[in-house]
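A.B. asks: Chain order of the listed sequences is A and B.
No gaps in the numbering here: position 58 of the first sequence is 65 in the working numbering, and each next residue is one more.
No gaps in the numbering here: position 106 of the second sequence is 113 in the working numbering, and each next residue is one more.
Keep in mind the hints are simulated off the structure, nothing from the lab.
Do not rely on the hints blindly, as some may be mistaken.
One copy or any two copies: either way a pair holds, since identical chains are not told apart in the list.
[To be verified] Heads up, simulated EDC-like pairs for lysine to aspartate or glutamate below, C-alpha to C-alpha not over 20 Å straight-line: (1) Lys47 x Asp67; (2) Lys105 x Glu118; (3) Lys92 x Asp106; (4) Lys92 x Asp109; (5) Lys92 x Glu103; (6) Lys69 x Glu20; (7) Lys47 x Glu59; (8) Lys92 x Glu13.
There are 2 protein chains.
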Amino acid sequence: MSSFGEFVRETREALRQQDSRYSVRQVAGRIGIQPSYLSKVERGEVAPPSEETILRLAEDLKVDGDAMLALAGKVSSDLQAVIRKRPLLFAELIRELKDMPDRAVVRLVREVRDGSW
Amino acid sequence: MSSFGEFVRETREALRQQDSRYSVRQVAGRIGIQPSYLSKVERGEVAPPSEETILRLAEDLKVDGDAMLALAGKVSSDLQAVIRKRPLLFAELIRELKDMPDRAVVRLVREVRDGSW
DNA sequence: TGTAGTGTGTAGTATATAGTATACACTAGA
DNA sequence: TCTAGTGTATACTATATACTACACACTACA
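Work out the full structure, taking the sequences as your base and the hints as a guide.
C.D. replies: Structure below.
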C-alpha cells in the first residue's frame, strides 16, 4: 500500500551500498527527525511526513522533490501557489493536458522555455 | 484577512437582491452545513471549509469552483491528481509559466485545445 | 401581537496531522 | 567481550481541521 515508504527504503538502501552514512539513524539525524519515525514511515506504518520533511529527505537521498511529494500524494505548495494566482487559466490548461501523451507535454514545456513564440 | 469570507458574503448578498432564498440559513441548508458555521465562515471567524463544502457552496452561488478554492488557499484535488501522475513534467511546465503574462498562458490553452499541432 | 425567519454567540467534538521520547533486542567490529 | 551502532516497538502529545448542536436576540409581516 505504501509505495512512498517502499521507495524511501529502497532508495536509502541503495545509497547505503556505497556509503554507510545512509542508515535510518543517520539519515533521520541529518534531516532532523527521530529514527523511529523514519523507520515507521519506510514501513508504511504511518502516513508520509509533511512537505518540508519530505523535501529534506529527498535532498538527502538525491531524489527529485516533486517526484517524492507525488508518491506521498502531495503537490508542492509553491506549485499550488502558482495555480492559485490564476486559477481559471491554470485549471483549464491542466485539465486540457490531463489525457495528453507525455511527448505532447514535453513539447509544450520546450516551446515555452525556448520562447519560440 | 479573510477575503474568502468577504467574497462569499458579498456574492450571497448580491444574489439575495433578486432572490430571497439566498439567506445564510437557506444556503447553509441547501449545501448541508449549519447556518452558524456559514455565518462564521463569512465573517472570517473560522478557516474556510473543506474542498467538498466549498464546491457545493460555489455551485449554489453560481461561482467558479476553482476560483473559490483559490480564495480559500486550496487547489482542487483533481488538478493535484493530474500533476501527481507526471510530477516532473507538470512541475517544470508550471514553474516555467509562473511569470508569463496571462495572454501567453491563454494562447497556450488555445493551442492545446484547438489541437493545432 | 404572534410567529416565521433572520443572523450569530457559545460550547463542544471527532478525526487527522505530524511528529517526540524512551527503551529494547540484535549485530559487527576492536 | 564489550561497545558502538543498527532497526524498531511502545506510548504519548500538540495542533489543526472541519465541523455540529443549541440557544438567543432581533425583525418583518399577516
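A.B. asks: Against each hint, give a clear statement of whether it holds in the structure.
C.D. replies: Here is how each hint holds up against the structure:
1. For a Cα distance limit of 20 Å, the shortest separation of Lys47 from Asp67 inside one copy, 18 Å, qualifies, whereas the shortest one across copies, 43 Å, does not.
2. For the homomeric pair Lys105 and Glu118, the shortest alpha-carbon distances inside one copy (18 Å) and between copies (15 Å) are both at most 20 Å.
3. For a Cα distance limit of 20 Å, the shortest separation of Lys92 from Asp106 across copies, 11 Å, qualifies, whereas the shortest one inside one copy, 24 Å, does not.
4. Taking the shortest Cα distances, Lys92 and Asp109 sit within 20 Å of each other only across copies (11 Å), while inside one copy they are farther apart (26 Å).
5. In the homo-oligomer, the alpha carbons of Lys92 and Glu103 lie at most 20 Å apart both inside one protomer (19 Å) and across protomers (14 Å), since each shortest distance falls under that limit.
6. In this assembly of identical chains, Lys69 and Glu20 lie within 20 Å of each other by CA distance solely inside one copy; the values are 13 Å within and 53 Å between copies.
7. For the homomeric pair Lys47 and Glu59, the shortest alpha-carbon distance inside one copy (18 Å) is at most 20 Å, but the shortest distance between copies (31 Å) is not.
8. For the identical chains of this complex, Lys92 and Glu13 are inter-copy neighbours only, at 18 Å across copies versus 35 Å inside a copy, given an alpha-carbon limit of 20 Å.
Comparing the model with each earlier hint shows no violations; every hint is respected.
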